[in-house]
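Use the sequences and the hints to build the structure in full.
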Amino acid sequence: MRGLGKYLYQSESIVKLLKRFGFLLMMLFVTAQSFALDAQQRFPKPEFATGYAQPATTSPSPRFLLLEYLDIFVLLAALSVVTWFVLKKRSRKGVFWTSVFSLLYFGFYREGCICSIGAIQNMVLGVVDNTYKIPLTAFVFFLLPLVFSLFFGRTFCAGVCPLGAIQDIIVIKPIELPKWLQKVLGLIPYLYLGLAVLFVATKSEFIICRYDPFVGLFRFDAPFHMMMLGILFLATGLFVARPYCRFFCPYGVLLGWMSRFSSNHMTITPAACIQCKLCANSCPFGAINEPVVETGKRHSNVNRMITYFILLPLWTGIGGLAGSMVHVPLSHYNKTVYLAEQLIEHPELKDDQKNIDIRTFLTSGKTTTQLIAEADAIRHQFYIGGWLLGGFMGFVIGTGLIRLSAFRRRDDWETDKTNCLSCARCMEFCPVKRDEDGKITINER
Amino acid sequence: MNDKIKLAGRVAIFAAGFAALIAVLLIANYVQSRLNDPIENKTIPALVKRLNASPEDETLKSEIRAFDLIARKAYFTTKWQIRTGTYLMFLSLIISILAVRYLLSVRSKLSEIDPAREEKGLDLLIAQKWVIYSGSGLIIIALVSGLLSYNSLKEYMVNEKMSAAAGEIENPAIQPNRQAGQVEANLDPVQPNAKVEADSTTVQSNTKVEVPGQPATKDSASAKAATVSAPGLPTKAQLRANFPFFRGSDGTGVAFQKKTPVDWNGADGKNIRWKVKIPKPGYSSPIIWANQIFVTGADAQSRMVYCYDRNTGKLLWEASADKIEGSPAAVPKVTTDTGLAAPTMATDGRAVFALFATGDLLALDMTGKRLWARNLGLPDNHYGHSSSLIIYKDKLLVQYDTNRTGKLLAFDSQSGKPSWETLRNSKISWSSPVLVNTGSRMELILTTNPNVSSYNPETGKELWKIACLSGEVGPSAGYADGMVFAANEYAKLVGITAGDSPQIAWESDEFLPEVSSPLAINGLLYIATSYGVFACYDAKAGTKLWSEEYGDSFYSSPIYADGKVYLTNTAGKTYIVKATKDYQLVGTPELGEKSVCSPVFMDGMAYLRGVNQLFCIGSK
Amino acid sequence: MSTDNLPKKMDRRRLIKNGMQLTLGLSLVSIAGWSAFKSTSDRLVWQLDPFKCVQCGRCAKECVMTPSAVKCVHAFNLCGYCDLCGGYLKPDPNARTTAAENQLCPTAAIKRKYIEDPYFEYEIDEALCIGCAKCVAGCTSFGNGSLHLQVRHDRCKNCNECAIARVCPAEAFQRVPISSPYLIKGGFTKGKNG
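Residue numbers (this note's numbering), protein chains in the order written: chain A, 147 to 591; chain B, 2 to 621; chain C, 842 to 1035.
In short, the hints are calculated from the structure, not lab data. C-beta atoms are modelled at their ideal positions from N, C-alpha and C, and glycine is treated no differently. One or more of the hints may lead you astray.
[To be verified] Within a straight-line C-alpha distance of at most 30 Å, the following computed DSBU-like cross-link-like pairs (lysine-lysine) qualify: (1) 902/C to 512/A; (2) 319/A to 7/B; (3) 931/C to 50/B; (4) 496/A to 370/B; (5) 349/A to 902/C; (6) 952/C to 43/B; (7) 512/A to 574/B; (8) 315/B to 574/B; (9) 512/A to 370/B; (10) 281/B to 500/A; (11) 931/C to 496/A; (12) 496/A to 324/B; (13) 74/B to 931/C; (14) 443/A to 130/B; (15) 893/C to 418/B.
[Unchecked claim] Facing chain B, from chain C, some residues (calculated, C-beta under 8 Å): (16) 907; (17) 931; (18) 933; (19) 942; (20) 948; (21) 971; (22) 1011.
Rendered as structure tokens:
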């Protein structure tokens, strides 16, 4: 078409001239130019008479891949060292300084990413998204602490996790929370884990990372809400020891499952318990079980337990139902679902020039029907996920009740293997000591 | 020892106090940085606005510069302060914590926790109680929030399905009636009941559109054919009796109307039956069905379809192509010589279809009520999309060659559902599809750079293609007697023997059209160039028979009607020549207005769109 | 509970414990095995596709870093070196100079350099750039689109899920292998990475 335009383009001096004119001529030039070059560039690359060479666009490279492998090595080394301190050396000091190192390395140097807690999400995304390849680091950070936990207890929490370390250091005046409060708050990690998995499985978002309270402190830079969340947790942590670890950490749930059946978990005393009760108030995390003395009538205790057993399927079923009911509000947090609902409920937003999301959608060429079908499919995933999440929570509550009602005979002061963070504080209290040669002595206080 | 404890205590308190002080300062700074955000800054834009009003104001300029410097300095200084402050705060907090830890370690070797006073055994029962409470609480919250929430998606999906199902049931019921009404009207011009209710809000002047069947009754054979045809689909004869597409019922530039006018003058009103100003500009040509004539017009504000009474020029209705999903928020940049409404509409007597440079495809029934609309995706076209629409049976065919991809799309004309989509390995083009019967089959012929290609209009399957064009192809194909003619400026003019193994029979490069399409009829081929040459070739051999240089350029395409060829130049002067081997000029009537559209014919009248007005030409 | 059956009970507990440990161990092994197929030794980093970008301005606000780790980069190879630059100058500028009232960039992060008549070079000072995409919008609508946003990996913390990706209206953010961490226009063309 446009012969004039072609003529203009052929004459380079005119091209140069045109460049100096205003937008009006520029528009004319736009039409003339775009067909002349295959690359559809409006303005041709200049040929400099002075022979000026264009600079190249810089692209600073990300962190070396090799350093990622260093992270894996440091993780393995730190886990081994802290396990050695806990189990062999029985040294609180050793554990403490390992955790300081981990805080400095994984926290302030690596700035909190990648961490094992967040790696749960990478694993789940790997399951649901066929195109997503799990990075080796994420996979190792997820698996290695679990493997250690299965054999040696939660030594990861004691000295490797930077989130744990920053809280552990500021435990100044810990108080013991009432048992009921501990149990109720102890349900939160399960819910958090379930929600995190649900949100990743529906490809909505990574909530664990979004609400990570300490990553902002590690980086000295974060959005306001993240920073405040971190400071809030630390302030609470002065009195309630390691609140995030005990009452929020979703990875702690998995570690707890492993640790519970671990074969070489740390013990308060290196030899037989002498029932001195010195360790009774040593644990700031409420993870020491006292000797069990059955209280109340045995008959009614057994009956209660049987009732709880019968109620377990009921908890699971009703929980599932409740979870499935809540799928609609939950799915609001998915971007696609939210956009689709906005379009249906507020059609006037289509004319809103300021609504970036709707404006971008309208120019994307996708139809509302397509979007809504997509959103509906995601909501269906939330429905299925809601059943599973609710059922899981019901099951957790049901089994929690059973465990609370069971009187399992225990004569000594022992660690609660599920919740024990292997911090080795209690060992300092125990007067029974084992020296280098393995000789047992009892310190008098 | 005591001194050390005292010192540690003081250090702890002092460091904590310092940290708290910095925290307060940081929060204040944070708030301030929010106010200083360079993106949210309101002052500078306001000042620049004032400057635009008085561009020579030097004091205002220096004011802007000073303020800009202060604002940027403030922003970056605040950033530095926040960063440094955070480091200081953390440092002092660490010192404070270390001091406190030291204090505690001196006071007692081992730190015990403050135990909660609880009665043995009872605490377990209380814990059970609370776990039950909180568990039930969770479930109740979930149930209530579930019950209170409202799933508008489901609602929408259900409605969508219902309306789709209803549409399927409704369409066959309503459509034949409407069509029967029209066909009856075609058969019997006296029947007064054949009226189509116009219930659309867009109807402006007349709520009823009369459909007396003047054209078809002249040819009783075609009327009979109409009565026996399947409900809805127009017959070939019906299509030929009307003027349903760009360049006629086949898109080849051949009109089947007789007694077409040869003399008029738009300036003094000679043989002008009516003329009407079209509200919005557009380079699309008119189309006609029965008593209705349709044109499109568009500007940045809206894209419109206008329907006029063919006999009186009265605006029957207008419809806007708005509120279409996927339609771009801003109109694309187009050149003034292409505009936003370049594609000509198409109709099958049941509905009219319009396409705009925004990619908005609109289907309206004959009363202006919207049947469906969709956006085909913003066409990446540096002049503006201009390929016209054509209909084959129940399929609306869209040539959609853009800078991104070349596509041939087919939509179900009633529902708007995509029937098929063929990816064309082609560059962008501005030409329009041509629908021809090659004797053995129907073929849809498209021109672009570099191919002339033919498709099965039923399935979209490519039948054949031949590379012979280059550049930015605007002219569509011409067709007659098994030969396809294609041409483009700076390329060449070719005669192609169509078929599964197409061959270039002849080629020429003497006169090449830029926008105007070739017309083949009676063994002759007509070419009109943008530098004002009108040429006639022997279609079989490719030899030039005659050429005339007129001056003003030709953008519109030559149209054959009643033994004559009509060609209008951009000044609005129409050259009418006899469709014979030798050059016989019949007349050169003037429209009195610039025009880039091709004339359309119906009932012994010609209709021509100028840049502003639509003219109806015929003896009074 | 008599003392006779205590050892037996302890045995049962140990059996359950060992069984559970074995089960958990096996499940970890199977997870490891499965992940071996799914994992990649190539690490993934975040990057944005400049062809999908709609210049909404969220990159400046949503990044966990202040200022954002997303910066404007200049593909010099695509630049027309125009005097009247839609990315550098405000629309309808008072004069074609570097004066504050004519500059589009809110932080004056673009440096304009005279090369030869009539060509000017535009360079981004990344220390000043906040990634607001104002210049990108200008260059894309009026020019060649050589100015565009990219995640700068010397600043990006590579969060597990990018905070900008979560809110990007155009879904322009994606994970790319660390071996090719940039999608700079010119080398990277539209449609190459889906």
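Query raised in the report: Taking 30 Å as the top limit, are the C-alpha atoms of residue 952/C and residue 43/B close enough?
Result: holds, 23 Å
Query raised in the report: Is the straight-line distance between the alpha-carbon of residue 496/A and that of residue 370/B 30 Å or less?
Result: Roughly 22 Å between the alpha carbons, so the hint for residue 496/A and residue 370/B holds.
Report task. Hold the hint about residue 933/C up to the distance rule: shortest CB distance to chain B must be less than 8 Å. Result -> holds, 7 Å
Requested in this report: Compare the distance between the alpha carbons of residue 349/A and residue 902/C with 30 Å, and conclude whether the hinted pair is satisfied.
Outcome: holds, 23 Å
Query raised in the report: Does residue 931/C pair with residue 50/B here, judged by a C-alpha cut-off of 30 Å?
Result: holds, 11 Å
**Report entry** Interface hint status, residue 948/C versus chain B (Cβ within 8 Å)
**Finding:** With Cβ-Cβ at 5 Å, under 8 Å, it holds.
Report task. Please work out if residue 512/A and residue 370/B have their alpha carbons no farther apart than 30 Å. Result -> holds, 24 Å
**Report entry** Proposed interface contact between residue 931/C and chain B, which counts if any beta carbon pair is under 8 Å
**Finding:** holds, 7 Å
Report task. Verify the interface restraint on residue 942/C: the C-beta must sit less than 8 Å from at least one C-beta of chain B. Result -> holds, 4 Å
Report task. For the pair we were handed, residue 512/A and residue 574/B, check the Cα-Cα distance against 30 Å. Result -> Status violated; Cα separation ~45 Å.
Report task. Would you check whether residue 971/C satisfies its interface hint, that is, whether its CB is within less than 8 Å of any CB in chain B? Result -> Hint holds; residue 971/C Cβ to chain B Cβ min 7 Å, cut 8 Å.
Requested in this report: Could you grab the alpha-carbon distance between residue 319/A and residue 7/B and see if it respects the 30 Å cut-off?
Outcome: Holds, at roughly 19 Å.
Taken one by one, the earlier hints fail for this structure at numbers 7 and 22, listed in ascending order.
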